[in-house]
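Trainee: These are the residues of each chain, in order.
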Amino acid sequence: MKKIFLLLSLLFAGPVYAQAQANNITSPFKLWLLNNEARALSSLSSDEMLISKTSLPFSFMPPSAPATARPEERLWAIHRKFYILLDEVQGTYTLARQFGNGKFSVVLKQARPETWSVMPLMQFCPELVNRLTPELRRAFHQTLLKALNLDPQRDADLTTRLNRAIKKLSDEEFRLLNDYFASFAALFPADGSIKVLRGFIETGIKKPFGTGIKELFRPVGSQPAETQGTTTAAAPAAIESDDPLAELERLAQFDSGEISTLAEPASDSENLEENTGGTPAQTQPTELEPPPPGTDDLFKIWD
Amino acid sequence: MKATPRTILLLALLFCCTTLGAVEVRYAFRKGYTYSYQYTQQSSGKIQTFTSSPSAIQPASTAEFTVKAIDFQDGAFIVDIGDKSSTYRRYLKENGEIKGAPAESGQTIPFFMPLPAGDWKVAEKRQIKKDLNIGGKAVPAAWNLLLKSVDNEKGLAEILFAATMKLPDDRLRQKAFSLKGRLLFNLFEGVVHQADWQTSYKFTFINKEFAVTRNLWDFEKQLSHSLKMTGMQE
Numbered sequence: 001m002k003k004i005f006l007l008l009s010l011l012f013a014g015p016v017y018a019q020a021q022a023n024n025i026t027s028p029f030k031l032w033l034l035n036n037e038a039r040a041l042s043s044l045s046s047d048e049m050l051i052s053k054t055s056l057p058f059s060f061m062p063p064s065a066p067a068t069a070r071p072e073e074r075l076w077a078i079h080r081k082f083y084i085l086l087d088e089v090q091g092t093y094t095l096a097r098q099f100g101n102g103k104f105s106v107v108l109k110q111a112r113p114e115t116w117s118v119m120p121l122m123q124f125c126p127e128l129v130n131r132l133t134p135e136l137r138r139a140f141h142q143t144l145l146k147a148l149n150l151d152p153q154r155d156a157d158l159t160t161r162l163n164r165a166i167k168k169l170s171d172e173e174f175r176l177l178n179d180y181f182a183s184f185a186a187l188f189p190a191d192g193s194i195k196v197l198r199g200f201i202e203t204g205i206k207k208p209f210g211t212g213i214k215e216l217f218r219p220v221g222s223q224p225a226e227t228q229g230t231t232t233a234a235a236p237a238a239i240e241s242d243d244p245l246a247e248l249e250r251l252a253q254f255d256s257g258e259i260s261t262l263a264e265p266a267s268d269s270e271n272l273e274e275n276t277g278g279t280p281a282q283t284q285p286t287e288l289e290p291p292p293p294g295t296d297d298l299f300k301i302w303d
Numbered sequence: 001m002k003a004t005p006r007t008i009l010l011l012a013l014l015f016c017c018t019t020l021g022a023v024e025v026r027y028a029f030r031k032g033y034t035y036s037y038q039y040t041q042q043s044s045g046k047i048q049t050f051t052s053s054p055s056a057i058q059p060a061s062t063a064e065f066t067v068k069a070i071d072f073q074d075g076a077f078i079v080d081i082g083d084k085s086s087t088y089r090r091y092l093k094e095n096g097e098i099k100g101a102p103a104e105s106g107q108t109i110p111f112f113m114p115l116p117a118g119d120w121k122v123a124e125k126r127q128i129k130k131d132l133n134i135g136g137k138a139v140p141a142a143w144n145l146l147l148k149s150v151d152n153e154k155g156l157a158e159i160l161f162a163a164t165m166k167l168p169d170d171r172l173r174q175k176a177f178s179l180k181g182r183l184l185f186n187l188f189e190g191v192v193h194q195a196d197w198q199t200s201y202k203f204t205f206i207n208k209e210f211a212v213t214r215n216l217w218d219f220e221k222q223l224s225h226s227l228k229m230t231g232m233q234e
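Protein chains in written order, with the working numbering: chain A, 1 to 303; chain B, 1 to 234.
Quick caveat, the hints were computed from the structure, so don't treat them as lab data.
Quick list of the computed label-pair ranges, beta carbon to beta carbon:
1) B/K125 / A/K168: 53 to 59 Å
2) A/Y83 / B/E64: 39 to 45 Å
3) A/N178 / B/S178: 31 to 37 Å
4) A/A67 / B/D196: 16 to 22 Å
The calculated lysine-lysine pairs, modelled on DSSO-like cross-linking and capped at a C-alpha distance of 30 Å, are:
5) B/K175 / A/K53
6) A/K167 / A/K206
7) B/K166 / A/K53
8) A/K167 / A/K81
9) A/K167 / A/K207
10) B/K46 / A/K168
11) A/K30 / A/K167
12) B/K175 / A/K81
Beta carbons are placed, not taken as given, at the ideal position from N, Cα and C, and that holds for glycine.
Bound-form chain B, shown alone:
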């Protein structure tokens, strides 16, 4: 009997410790709410060819869109995603994966970043792999996530994410792609508060005839993306 209070206390301490260092990150759109976002994209690119290097810059363009949460059924949020020109209905799972996209039937749905299920400890890395099927060929891709920190007062989880994808290449076409970003997830509301990420693409095109090799073109492209929640209303 003496051991019972101690055991309860120990169990309570253990529970507190585990809950303080781990969080469950999942979407929780509220039914009937409309979430407003602002998305900015900027890109630049250049080609190195011998002594010339033509370049191009696409200035920052900002677009606004809304996410209207209609309902939650069969483990998926039914949302209407609308921008100025069109509206798309999607069924989103709590981890961010798509369950259905009736407005995009016949199209290949992108490999979106899924959030890890269950408790996620700070400094813990998670990896989600998937083979993208393009033109009958499987291209391996993966999302790598790291829970960097959790601000319990503000209810924000800082997550670092990166995508890796092996673009098809050979000796004469060498390619590299990388995506790196940072996400602030609102744990209280269950939505993305802010996210910034950059993609980088390099493509070296080589000519080879017998023993002679010439590096013809080096393509480089960078894209900067920024997403910010601007409002939430019922």
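Bound-form chain A, shown alone:
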């Protein structure tokens, strides 16, 4: 029994780990750079110790020596900027992957979870429902954003967030980062994460991505009914047809078989193909459209 349990654990551990690593595009490069730093620092330190044993020729001189120039400190300072940028890129990429296509917000608005809490009141105090629902909706939305660690100021526009992070590097520093990327890609050609990372930064600077996340910051009912209906219905199709992430992931998958976890699920690519083919494949969002005039909406969400 124990063996079966162990076997099952091992079988499940693989996919779980793969899923956890699916969005991780910066770790291999960061680990490579950190490892090189550590090796260089170790060499520099041991050499400095050895050199200090011979650089003072005279025994009548005091042992304390003045501080010497340390150009490596400037390089490490630039690297620290890189790490901050890479963390920001990783955060942006993860958000774009998770919420950028707008599907999550569509599902959320379809589910209307805030309404379930007022269901028992419908029979006893229906008048309370109309008053409680907007408040519950707002509270649920705020709690959800907090739980997902989403900040409207920071995450509403992922393109701006990425560009703001990149602009913290000078031109020379950005060139150096690109040189590091090129070296890493040459040294580890089988690693597809660097292709996604480079592509994400390059395309992220030029054209907007992950615009579907904006819908997540807009609670249901915060827009006029007609605009909301059209937005939620049309957004995913428009986003997916111009989503640079999907292209990057396909590129990475094509170049390396090892990073299949980075690839979009098959259904997404199918949807993309269908969308590019000209036939709108979005059937679900039609359920979000407001009820026809005259129909009594139970929760009046579309007011």
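Keeping the supplied structure of chain A fixed, place chain B upon it in accordance with the hints.
Mentor: Chain B only, in chain A's frame:
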């Protein structure tokens, strides 16, 4: 009997010739004297990494220190070396080697440059080798000295010196270290009058994966040192 004066004359000439071309360079701190020195150090460094080359310069900093000769016992000068913050007692042999350093017990004493024993002829090279034990590994190091000239009027001997040390390296970490300098030794007083030397360190860090090799970082550091005696008083 006739040959005796000639022999004496010949021997005297030979003695003069040898003493004119050779000197004995050794420390001779005078008991009760205080020698003042000024030491200046300046350093610079840069890293070449692709098209970027961050650099750093440490401006010249000057420190003064004194050497108080307390006594000479058992073939060693007992001296107190003091700067602004602290004083170190050392027992120095006449050739500059350390016999004892009670204030630095537990520390690894540097490989100081020893002066060659006995007569030293002009243009003669001397080499003193030693293995530095760092982290359980022996690192070969050597001091190379050359007596370039002797000014008998001023009593100054000009000595060129260089240190060589084989820093541990491999295919991916290539290193080079050099130290070169010039020393003016006061033969009358038996102390260092002035010395200037430069150290240079290079370290190339390479990444290699299978057939792909990338030169990642080239570290370069230069240090300039200058030592000058500023006074001697009883």
